[in-house]
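A.B. asks: In case you want the letters, here they are:
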Amino acid sequence: MRTALSAFHLHRPRSLTDALRVMREEPATVPLAGCTDVFVALNAGTPPGTHYLDLTPLGGLARIAEKDGVLSIGALATYTAIIKSRLVRQQLPMLVAAAREVGGAQIQNRGTLGGNVANASPAGDTLPVLAVAEAVVVLRSAADGERRVPFTSFYTGYRASVRHPDELIVALEFPPVEGKQWFRKVGTRAAQAISKVMMAGVRSSRPRLALGSVAATVVRLPRAEAALAGGASIDEAVRILSGEITPIDDIRSTAEYRLAVAGNLLRAYWRDTAVTVLKSD
Amino acid sequence: MTAVGQSVARKEGLGKATGEAKYADDLTFPGTLHGRTIRSTVAHARITGVRLDFDPAGFTVVDHRDIPGSNHIALIEHDQPCLAAGEVRHVAEPILLLAHEDREALRGATVHVDYEPLPVVTDPEASPTTFKEILIEKGSLDKGFAKAEVLVEGTYRTGSQEHVYLEPNGVIAVPEAGGIALYGSLQCPFYVLKALKPVLGAAVANVRVVQTETGGGFGGKEEYPSVIAAHACLLALKSGRPVKIVYDREEDMWATTKRHPCVVRHRTGLTRDGRLVAMDVDVVMDGGAYCTLSPVVLSRGVIHAAGPYRCANTRIRGRATMTHTPPNGAFRGFGAPQTQFAMEVHMDRVAERLGVDPVKLRLKNALKPGDTTATGQKLGDDTSAVAVLRAAVKKSGYNRKRVSLKGTGAGIGLALFYHGSGFTGSGEVMLASTVALETTATGARILVANTEIGQGTRTMLAQIVADALGVPYEQVEVAQPDTSKVPDSGPTVASRTCMVVGGLLEKCAIAMRARLGGMSPSAWHANRGPLRLEQRYEAAATRQWDDATYRGDAYATFAWGCDVAEVSVDPVTYAARVVKFTAVQEFGRPIHPAMARGQIEGGSAQGIGWALMEHVVLKDGAMHNAQLTNYIIPTTLDTPPMDVIMLENPFGGGPFGAKGLGELPIDGPAPAIVNAIRHAGLDVRSIPALPEVLHASPPLDPPPPARAG
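Just so you know, the protein sequences line up as chains E and R, in that order. Counting along the first sequence from 1, when you hit position 122 you're at 116 in my numbering, and nothing is skipped either side. Residues are numbered in my numbering as their position in the second sequence, beginning at 1, plus a constant of 4.
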């Protein structure tokens, strides 16, 4: 049943400083950066908290910019903004591909990259991309100012991260990505669906791979990556991958299926990103 | 210009398009309270205590002791309580009702219920309780199997399905002088009226039920509105104020009816050249915790279980059993999609075993005019099984693609099916529907209890009356169904509204035209005052049915269909995707071609969802994915381009040759798709054929050789 909302507290900050003050004073505050998942919980009667901080007024956190080769995407940049950004299309086409797979147009207009990261669902559509892009999470708090955490060490477990209760994610930073980028989401239908398995990959001398929805958090696959870098066959890499993930049976799929599809995705990535030799007739 | 056969503007189209149309939640009455239902969270238990964990000031609270009449929802049996008294038999069973002015206060109230658990039955095949058993016998099974040279057996399973009408269930009960008025989103106003009377008893002298604009039903608003209506009336009675109850999506999915899950076992004997000589069919349907409509869903299911085929020796056994889940109920097709799924997937397995083409096997056995069905019904000239099959094969390029797609990971499959129009057996005789027509200052008004639920009732009935009365379509209006004003023309179910109710209105309009003697209805109205005529259903003397033996004419007639699905299976994800769909359907004559095409496209899309993705995940007897984020229905990207062909074969017993159409389109897609998956090389015998199921399905290459039984 829908949650009664009138007993909840909603803060609407005027500035980032104001927002960080609320986070310090009310550590259990849930920051709202699009609400696309929070509303599902409210409709189901499972609210994530009683105090909320609406970040929407902080337009400065929606910036997408590049400096010294590092692409910075503000936490409040929407999927639509990411899809439209020339910078992102040039440097991170796999992030554009992931953003296009999030919900429908309305959700893409509301949902944000920072929200996807903070929400910490293992099924978050952009997370495998962030893992292989070796993104950096920029956090800020009133007490400690700004700090940077590599995305690959951001999550500590199911829906848990190193973010301190008083911190806000303000941006994601991306160093240049060398190599061919690849992304595929397997959902429960052609569009507007939560993922059952998804993979992002970068093909270079140092292949990078990440899978979503197959473990408590998004996971990189260091052993499969190392095998491919060392020239192992794709069959061998698929076998190694199977030992690196721990998919489960849940409401959307089965462990057995996820394991099989993860292997298939690895093969598809390897095939699709192979250097094609153009034949001249 | 005549209206029938033209795609005229819908009567309510502009209102819906502009937002003028008033749905239940749009209606406001002074002093309205909002109602909420406190439901069980366990599948089977004794209630040992109920505690209100909130300040009751400002709340109206109702439990079973507040029911002035009898604590049951009147349907076939009286086993379902209006509010649980002592025992709950499924998750989401109503226990307590709350009402308050403020929806927020209502949502914030918590109620604690203590339970003493009781044993839970979840397997319908192992259930100790049977709601209904049916046996259909034709010829001699022993003699038939003695003639058989080939024997093919198989078990087929179909899953549950949620209706996902756009508008969830919602009603408002309004106390008025001398009684109570119930407004709501519903299919069958007189069903609700019949259910309210015993609950309210002598305490309420006058009850009337009014249908508000309804955002879809698909059978889901056939019987369930009686429950929510009774709840709103009880709260209104106790508070003395109007009470509105509108479910949100999650409550609607969690608590209300679904399609019956079904298991069908086939044992079939054939001659080596492919003639059906013996069919033994066993059907088990999961009724859920209370009987509700399960006996009649089972009835339509078993009658259609032998498919559109001729077989001299047939036995069909069916039972609907109890499990501790929310009651399953009416859903477009009403049992027939389940049993015809089994029959049609079985036919492709039979063809495979015989090593013959599935089309040739069907052509050899398809029902023709003069043949008899399993119940012994002799079929008339409007029997179109062969015609729809031939047209579908030609239009879809089935024969060519059957060869070209072989071994490519894609496949093409078809299903041949039929659907009885109107109530089963003597149902229409017992209903004895009545319709009325009256003159108005501007033309004529139709008075029926049949409801517009998005399928086009108002428009289609007005077209029939306009032509039969000889007036322009624009001069015919349709009264809002209000049980105090319209006669009981029966429920809006069973593909009966056009053929049966439309047929009665046609007769009524012809009689009125004769009475007017050349005068227009409005001129008569102005000069001689209002004229109102009624027409009552009369049993056709030629139709015979025996409820005890299940022999005779099960339906007035049948509509026929053949669907062809072309499917590709993704080698990475194992997802089957329908890339092309051809639907050839014969339902007499389309009164409104655009709406008829819409019914076929919509029913096919709903069938594609049922076949491939709609999965009701039950956990401890409750729907675990009662949210549209996790209960997946097809979007436009999951539905292929559709070729819809409407063959005409006018039926003498229907208005302007029309038969029933609403349910037919959902009988074919699932078996056509599963047969296409089979052609693509995977042995699937249950739906939903999720990617997980395909991944786990055995490959079929090479197909098993023909073998004698």
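No lab work stands behind these hints, which were simulated from the structure alone. Quick reminder that beta carbons are idealized off the backbone N, C-alpha and C, glycines included. Be careful, since some hints might not be right.
Simulated restraints, written as ranges between beta carbons of each label pair [unchecked claim]:
(1) E/35 - R/133: 51 to 61 Å
(2) E/103 - R/526: 50 to 60 Å
(3) R/62 - E/103: 38 to 48 Å
A.B. asks: Hint by hint, note whether the structure agrees.
C.D. replies: For each hint, the structure was consulted:
{"no.": "1", "hint": "E/35 - R/133: 51 to 61 Å", "in the structure": "38 Å, violated"}
{"no.": "2", "hint": "E/103 - R/526: 50 to 60 Å", "in the structure": "52 Å, holds"}
{"no.": "3", "hint": "R/62 - E/103: 38 to 48 Å", "in the structure": "39 Å, holds"}
Violation of the numbered hints given earlier is confined to hint 1; every other hint is satisfied by the structure.
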